[in-house]
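**Q** Based on these hints, arrange chain A on the given structure of chain X.
Listed below, chain by chain, are the residues.
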Amino acid sequence: MNLDQQNQLEAYLSGQMPPEEMKTFEAMLNSSPELQQEVRFQSDIIKGIGQYRKAQLKARLDAIQVTPGYWFGLQGSTLGQLATGAVAVLMISAGAYWYFGTESESPAENVAPQKVDQEIVIVPENDQSTEELPVEETPVKENNDESKKTRRSEKPVVTDKTQKSFDPKTNAPTSGDVSDEEDFTPDNLPTPEEGTTVRKANEPIEVEVINGRNAKIKYKYYAGKLYLYGDFTAEPYEILEINSAAGRRIYLYHLNAYYEITPTDKLVGVVEVSDAQLIQELTVLRKEK
Amino acid sequence: MTDREIVERIGQGDEKMLEFLYTKYYRMMVKMVCSNSGTEEEAKDIYQEALMVFWQKASSRNLVLTSKISTYLYSICQNLWRKELEKKKRHSHEEVDGEEFQQHDEAERLKIVMECMNELGDVCRNILMYYYFDGLSMGDISKKMNFANTDTAKTKKYKCKKKLDLLVKKKYTTSDFFD
Numbered sequence: 001m002n003l004d005q006q007n008q009l010e011a012y013l014s015g016q017m018p019p020e021e022m023k024t025f026e027a028m029l030n031s032s033p034e035l036q037q038e039v040r041f042q043s044d045i046i047k048g049i050g051q052y053r054k055a056q057l058k059a060r061l062d063a064i065q066v067t068p069g070y071w072f073g074l075q076g077s078t079l080g081q082l083a084t085g086a087v088a089v090l091m092i093s094a095g096a097y098w099y100f101g102t103e104s105e106s107p108a109e110n111v112a113p114q115k116v117d118q119e120i121v122i123v124p125e126n127d128q129s130t131e132e133l134p135v136e137e138t139p140v141k142e143n144n145d146e147s148k149k150t151r152r153s154e155k156p157v158v159t160d161k162t163q164k165s166f167d168p169k170t171n172a173p174t175s176g177d178v179s180d181e182e183d184f185t186p187d188n189l190p191t192p193e194e195g196t197t198v199r200k201a202n203e204p205i206e207v208e209v210i211n212g213r214n215a216k217i218k219y220k221y222y223a224g225k226l227y228l229y230g231d232f233t234a235e236p237y238e239i240l241e242i243n244s245a246a247g248r249r250i251y252l253y254h255l256n257a258y259y260e261i262t263p264t265d266k267l268v269g270v271v272e273v274s275d276a277q278l279i280q281e282l283t284v285l286r287k288e289k
Numbered sequence: 001m002t003d004r005e006i007v008e009r010i011g012q013g014d015e016k017m018l019e020f021l022y023t024k025y026y027r028m029m030v031k032m033v034c035s036n037s038g039t040e041e042e043a044k045d046i047y048q049e050a051l052m053v054f055w056q057k058a059s060s061r062n063l064v065l066t067s068k069i070s071t072y073l074y075s076i077c078q079n080l081w082r083k084e085l086e087k088k089k090r091h092s093h094e095e096v097d098g099e100e101f102q103q104h105d106e107a108e109r110l111k112i113v114m115e116c117m118n119e120l121g122d123v124c125r126n127i128l129m130y131y132y133f134d135g136l137s138m139g140d141i142s143k144k145m146n147f148a149n150t151d152t153a154k155t156k157k158y159k160c161k162k163k164l165d166l167l168v169k170k171k172y173t174t175s176d177f178f179d
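As given, the protein sequences belong to chains X and A, one line each in that order. Residue 253 in the numbering used here sits at position 253 of the first sequence, with consecutive numbering throughout. Residue 55 in the numbering used here sits at position 55 of the second sequence, with consecutive numbering throughout.
What the hints contain is simulated information worked out from the structure, not anything from laboratory work. Source: prediction; values computed, not measured. Cβ atoms here follow ideal geometry from the backbone N, Cα and C, with glycine treated the same way. Accuracy of the hints is not assured; some may be wrong.
[To be verified] Here are the simulated SDA-like cross-link-like pairs (lysine to any residue), alpha carbons at most 20 Å apart as the crow flies:
#: 1; chain 1: X; residue 1: K54; chain 2: A; residue 2: V123
#: 2; chain 1: A; residue 1: K163; chain 2: X; residue 2: Q42
#: 3; chain 1: X; residue 1: K58; chain 2: A; residue 2: K16
#: 4; chain 1: A; residue 1: K162; chain 2: X; residue 2: V39
#: 5; chain 1: A; residue 1: K57; chain 2: X; residue 2: V273
#: 6; chain 1: A; residue 1: K159; chain 2: X; residue 2: L3
#: 7; chain 1: A; residue 1: K170; chain 2: X; residue 2: I46
#: 8; chain 1: A; residue 1: K16; chain 2: X; residue 2: E260
#: 9; chain 1: X; residue 1: K54; chain 2: A; residue 2: H104
#: 10; chain 1: A; residue 1: K171; chain 2: X; residue 2: R40
#: 11; chain 1: X; residue 1: K216; chain 2: X; residue 2: V273
#: 12; chain 1: X; residue 1: K58; chain 2: A; residue 2: K163
#: 13; chain 1: X; residue 1: K58; chain 2: A; residue 2: E115
#: 14; chain 1: A; residue 1: K144; chain 2: A; residue 2: D122
#: 15; chain 1: A; residue 1: K154; chain 2: X; residue 2: K218
#: 16; chain 1: X; residue 1: K266; chain 2: A; residue 2: R125
#: 17; chain 1: X; residue 1: K54; chain 2: A; residue 2: E41
#: 18; chain 1: A; residue 1: K154; chain 2: A; residue 2: G11
#: 19; chain 1: A; residue 1: K144; chain 2: X; residue 2: G50
#: 20; chain 1: X; residue 1: K218; chain 2: X; residue 2: E206
#: 21; chain 1: X; residue 1: K225; chain 2: A; residue 2: K57
#: 22; chain 1: A; residue 1: K154; chain 2: X; residue 2: L9
#: 23; chain 1: X; residue 1: K54; chain 2: A; residue 2: G135
#: 24; chain 1: A; residue 1: K157; chain 2: X; residue 2: Q51
#: 25; chain 1: A; residue 1: K163; chain 2: X; residue 2: Q8
#: 26; chain 1: A; residue 1: K159; chain 2: X; residue 2: D4
#: 27; chain 1: X; residue 1: K47; chain 2: A; residue 2: D165
#: 28; chain 1: X; residue 1: K54; chain 2: A; residue 2: G11
[What the hints assert, rightly or not] Listed below are several chain A residues computed to face chain X (Cβ distance under 8 Å; list not exhaustive):
#: 29; residue: E15
#: 30; residue: L18
#: 31; residue: Y22
#: 32; residue: T23
#: 33; residue: F54
#: 34; residue: W55
#: 35; residue: R109
#: 36; residue: M114
#: 37; residue: C124
#: 38; residue: M129
#: 39; residue: F133
#: 40; residue: M138
Isolated chain X (complex conformation):
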């Protein structure tokens, strides 16, 4: 089949053939079993490509863990029944439960049963230009809980800086829904034995650490779960999460460097973030915790 024939076939299959040409083509088709077979073959191929693409895009969507909390920040006003303009700020760590502030509101009536294992904390927002949001904070650093759980705090992340320009990577005010997650391995605690894993529940991303001897950190991240391969016994890692208009981005902080975590079911090495603006953003985010 040459290029012209292929183009003709494709035009026919996509329904973009002009009506007159269509008549001639169909007459030809009726009299040629060979052509019929070719049409069927090409139609299979195009459908198959489509299915492949759909599967790929859907896998991409499946990798996003849509949580009630996530919608709040983005969609407060669109979903009338929800607190309008609410900013959900999530600080998560080796999680047990959430501290609900008095002004927090459970979206239970709107939440369909779901495998989502995250709850939300809403900090009411006066208006989008608000710089100071009600701050509720619990100390983060000190921790000697034997269940290795760290505490969480919540804090508004809408800052002056992020309001200047819209950058999908940063938390723009209209969608300034930022959650972070962090995990500490307290220095004064005995380090877990080789091979033990730290599992955490009730979090948007589940993290499982597999202690490796290799200095280079590797990871797998799929179905909302992050598998970290690396040695974090000397220096704890932190997970930072930015939910913005551009979607959810996960970053890893370890030994003064930030790494971007992208969904993958293959074991890959971490890639260091080099974008200066992003690093600054992440640093602010991390410091605010």
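**A** Leaving out everything else, chain A in the frame of chain X:
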């Protein structure tokens, strides 16, 4: 971001916009299905399928937006879910008929095509998907894939399609679809 901007960016093949829309309207769409005797899982499938319809229309620039994206998506979801419910009803009444067998046959063939897609390199796979499913223009494809120009994209696409055709043909003949 306005609806128009979103549609424009999808027209350039920006997949981030798909993720953005997905999370943005997830609750709304899932709620519709769930409140019409669907499960969360079914709701998710329907919503994803609706987004595929939307994506394909917008990426091929065949979408004339006369309403809000949310309204549009909502109506696709409604239609898809209605169809699904009818299908369920039919199935509880009737036995599997000939149509079903034909569909099975087609599914087998498409599976082969998908296997062959897997054997292609990234560039080929992407270019074919962008062209045949997303319906991106050659210009947008060459931009997205950093090709020197549109002609490079065209040549590449032609070659990749040939490669895929060959792979599939080889597998088809070893099975018995063309007997």
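**Q** Of the numbered hints stated earlier in the document, which are not met by this structure?
**A** 5, 12, 15, 21, 33, 37 and 40
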